[in-house]
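Novice: The lines below spell out each chain.
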Amino acid sequence: MAGKPTTAPATYSPSPTTRSKKKPPIFTDTDWIRPDGRGFQQCRPAFLRTGAVNAASGSAYAEFGNTKVIVSVFGPRESKKAMMYSDIGRLNCNVSYTTFATPVRGQGPDCKEFSSMLHKALEGAIIVDTFPKTTVDVFALVLESGGGDLPVVISCASIALADAGIMMYDLVASVSVSCLGKNLVIDPISEEESYQDGSLMITCLPSRNEVTQLTVSGEWSTPKIHEAMELCLDACSKLGKIMRSCLKEAASASAS
Amino acid sequence: MEKELVTPGEIMGKASSMKAGRGVYVAAHNNTLYASLTGRPSIIPPSPDSLDQRPTVEVTGHKAHGAVPEPGSVVIARVTKVMARMASADIMCVGPKSVREKFTGTIRQQDVRATEIDKVDMHSSFRPGDIVRALVLSLGDARAYYLTTAKNELGVVSAESVAGATMVPVSWTEMQCPLTGQIEQRKVAKVA
Chain A
1 MAGKPTTAPA TYSPSPTTRS KKKPPIFTDT DWIRPDGRGF QQCRPAFLRT GAVNAASGSA
61 YAEFGNTKVI VSVFGPRESK KAMMYSDIGR LNCNVSYTTF ATPVRGQGPD CKEFSSMLHK
121 ALEGAIIVDT FPKTTVDVFA LVLESGGGDL PVVISCASIA LADAGIMMYD LVASVSVSCL
181 GKNLVIDPIS EEESYQDGSL MITCLPSRNE VTQLTVSGEW STPKIHEAME LCLDACSKLG
241 KIMRSCLKEA ASASAS
Chain B
1 MEKELVTPGE IMGKASSMKA GRGVYVAAHN NTLYASLTGR PSIIPPSPDS LDQRPTVEVT
61 GHKAHGAVPE PGSVVIARVT KVMARMASAD IMCVGPKSVR EKFTGTIRQQ DVRATEIDKV
121 DMHSSFRPGD IVRALVLSLG DARAYYLTTA KNELGVVSAE SVAGATMVPV SWTEMQCPLT
181 GQIEQRKVAK VA
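Residue numbers (the working numbering), protein chains in the order written: chain A, 1 to 256; chain B, 1 to 192.
Hints listed in this document are in silico derivations from the structure and should not be mistaken for laboratory results. Ideal Cβ placement from N, Cα and C applies to all residues, glycine included. Don't take every hint at face value.
No farther apart than 30 angstroms at their CA atoms in a straight line, the calculated lysine-lysine pairs in the DSS-like style are these [unchecked claim]:
| # | chain 1 | residue 1 | chain 2 | residue 2 |
| --- | --- | --- | --- | --- |
| 1 | B | Lys19 | A | Lys81 |
| 2 | B | Lys102 | A | Lys80 |
| 3 | A | Lys81 | B | Lys119 |
| 4 | B | Lys97 | A | Lys248 |
| 5 | B | Lys81 | A | Lys238 |
| 6 | B | Lys63 | A | Lys120 |
| 7 | B | Lys97 | A | Lys81 |
| 8 | B | Lys63 | A | Lys248 |
| 9 | B | Lys81 | A | Lys80 |
| 10 | B | Lys151 | A | Lys241 |
| 11 | B | Lys81 | A | Lys248 |
| 12 | B | Lys81 | A | Lys120 |
| 13 | B | Lys14 | A | Lys81 |
| 14 | B | Lys19 | A | Lys248 |
Which residues of chain A face chain B? A few of them, derived with a C-beta cut under 8 angstroms, are [unchecked claim]:
| # | residue |
| --- | --- |
| 15 | Ile88 |
| 16 | Lys133 |
| 17 | Asp137 |
| 18 | Leu171 |
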């Protein structure tokens with residue numbers, strides 16, 4: 001009827017998503033305790049195997065704790081998408097998550113961003129003059145995301161490339177470090193990543209001691225960055241040794 | 001001579017004492033040879049008449065990797081399209097190795113044979129479905145490699161007649177169907 005003051009119609013608004021977790025305040029005088037019982041500078045045990053995918057030119061499977069990744073490499077092959085002639089080879093990277101990779105079923109985080117970051121990490125290591133006009137396709141599939149996904153994807157991708165016989169300057173090893181209050185923890189798991197103040201990821205060529213990619217986010221002070229970089233580079237060289245022994249094992253197993 | 005496996009990035013030696021072969025590259029900043037493939041290294045002694053008396057070190061990959069067409073390599077291709085001035089072919093083998101995924105090649109009118117190249121009739125040289133042996137001229141353009149059949153041993157190696165039988169070559173330019181006796185025109189390769 002007329003004359004009634006119009007009340008706003010009742011609306012339904014969903015409660016905000018639980019994506020941005022509320023960080024519990026980390027007091028500066030207590031240390032973070034790692035849920036899986038590792039030391040601050042202890043990385044997860046690495047399991048690497050090549051030859052996971054028969055249809056691909058090269059492939060690798062990596063399991064670092066709960067993070068499981070499969071990478072397949074196709075190439076060098078002709079690319080239908082290539083419109084322009086190029087004297088040097090091209091690299092095409094794609095990172096995707098399975099729907100069951102994260103605790104909440106659905107699209108994984110940062111798919112597109114990871115693809116371009118993987119591209120930047122690998123393009124410095126491949127000798128592109130050796131396959132002119134053709135393309136190398138790298139497809140990474142994250143089967144389970146247990147934290148520190150991108151470093152595992154990068155390391156696994158470089159093993160897959162070596163398995164495919166693509167000429168590279170060196171293997172690519174990648175490690176990330178999280179800053180939690182005043183502690184630096186290496187190789188964080190997803191719980192530690194959600195509470196972190198900052199993260200630093202280094203991708204380097206271990207035997208040539210060259211860095212191909214450095215990604216820093218969050219709050220850092222300069223001495224902490226130095227300390228984190230030293231930690232990462234040291235861990236990368238150890239990871240490089242593990243990667244080499246995995247490749248040699250696979251090669252000698254197939255040769256014999 | 002080491003028979004141990006090497007992986008990409010492992011040091012193979014100094015550039016002053018060895019040359020880099022396939023699978024090995026020289027790092028300019030410290031003149032060292034590094035491996036670029038996973039496999040076994042082998043040292044090839046230098047030929048006695050070359051100026052550079054350094055042995056060559058190369059790495060042979062442990063896996064049989066798919067071949068990529070290089071300029072100067074002989075390939076086997078299947079003709080897919082024949083047009084007025086060019087024919088398209090899918091490259092299936094490079095040398096003795098087959099490719100993992102096909103590459104596209106083009107045979108232009110002027111590359112079909114060595115004589116009278118402006119009077120070439122593409123439809124009397126190739127038909128879709130023919131298997132040809134060709135030589136890769138160059139990387140070509142973005143879409144296809146440039147191939148040539150302008151040599152005696154290059155050209156159609158195997159073709160099917162209209163009746164469906166594999167034809168027998170009778171001359172440089174003709175093949176005959178064994179079932180019907182019909183003669184068809186092709187640019188035939190002389191298989192030694």
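Novice: Taking the hints in turn, state whether each one holds.
Specialist: Evaluation of the provided hints:
1. B:Lys19 <-> A:Lys81: 38 angstroms, violated
2. B:Lys102 <-> A:Lys80: 12 angstroms, holds
3. A:Lys81 <-> B:Lys119: 35 angstroms, violated
4. B:Lys97 <-> A:Lys248: Distance of about 25 angstroms is within 30 angstroms: holds.
5. B:Lys81 <-> A:Lys238: 54 angstroms, violated
6. B:Lys63 <-> A:Lys120: With a Cα-Cα distance of about 27 angstroms, the restraint between Lys63 (chain B) and Lys120 (chain A) holds, given a limit of 30 angstroms.
7. B:Lys97 <-> A:Lys81: 26 angstroms, holds
8. B:Lys63 <-> A:Lys248: Cα-Cα ~12 angstroms, so holds.
9. B:Lys81 <-> A:Lys80: 18 angstroms, holds
10. B:Lys151 <-> A:Lys241: 52 angstroms, violated
11. B:Lys81 <-> A:Lys248: Answer violated: Lys81 (chain B) to Lys248 (chain A) is near 45 angstroms, above 30 angstroms.
12. B:Lys81 <-> A:Lys120: 39 angstroms, violated
13. B:Lys14 <-> A:Lys81: 41 angstroms, violated
14. B:Lys19 <-> A:Lys248: 24 angstroms, holds
15. Ile88: Violated: closest Cβ of chain B sits about 11 angstroms from Ile88 (chain A), beyond 8 angstroms.
16. Lys133: 5 angstroms, holds
17. Asp137: 10 angstroms, violated
18. Leu171: 6 angstroms, holds
In this structure, the hints that do not hold are numbers 1, 3, 5, 10, 11, 12, 13, 15 and 17, in rising order.
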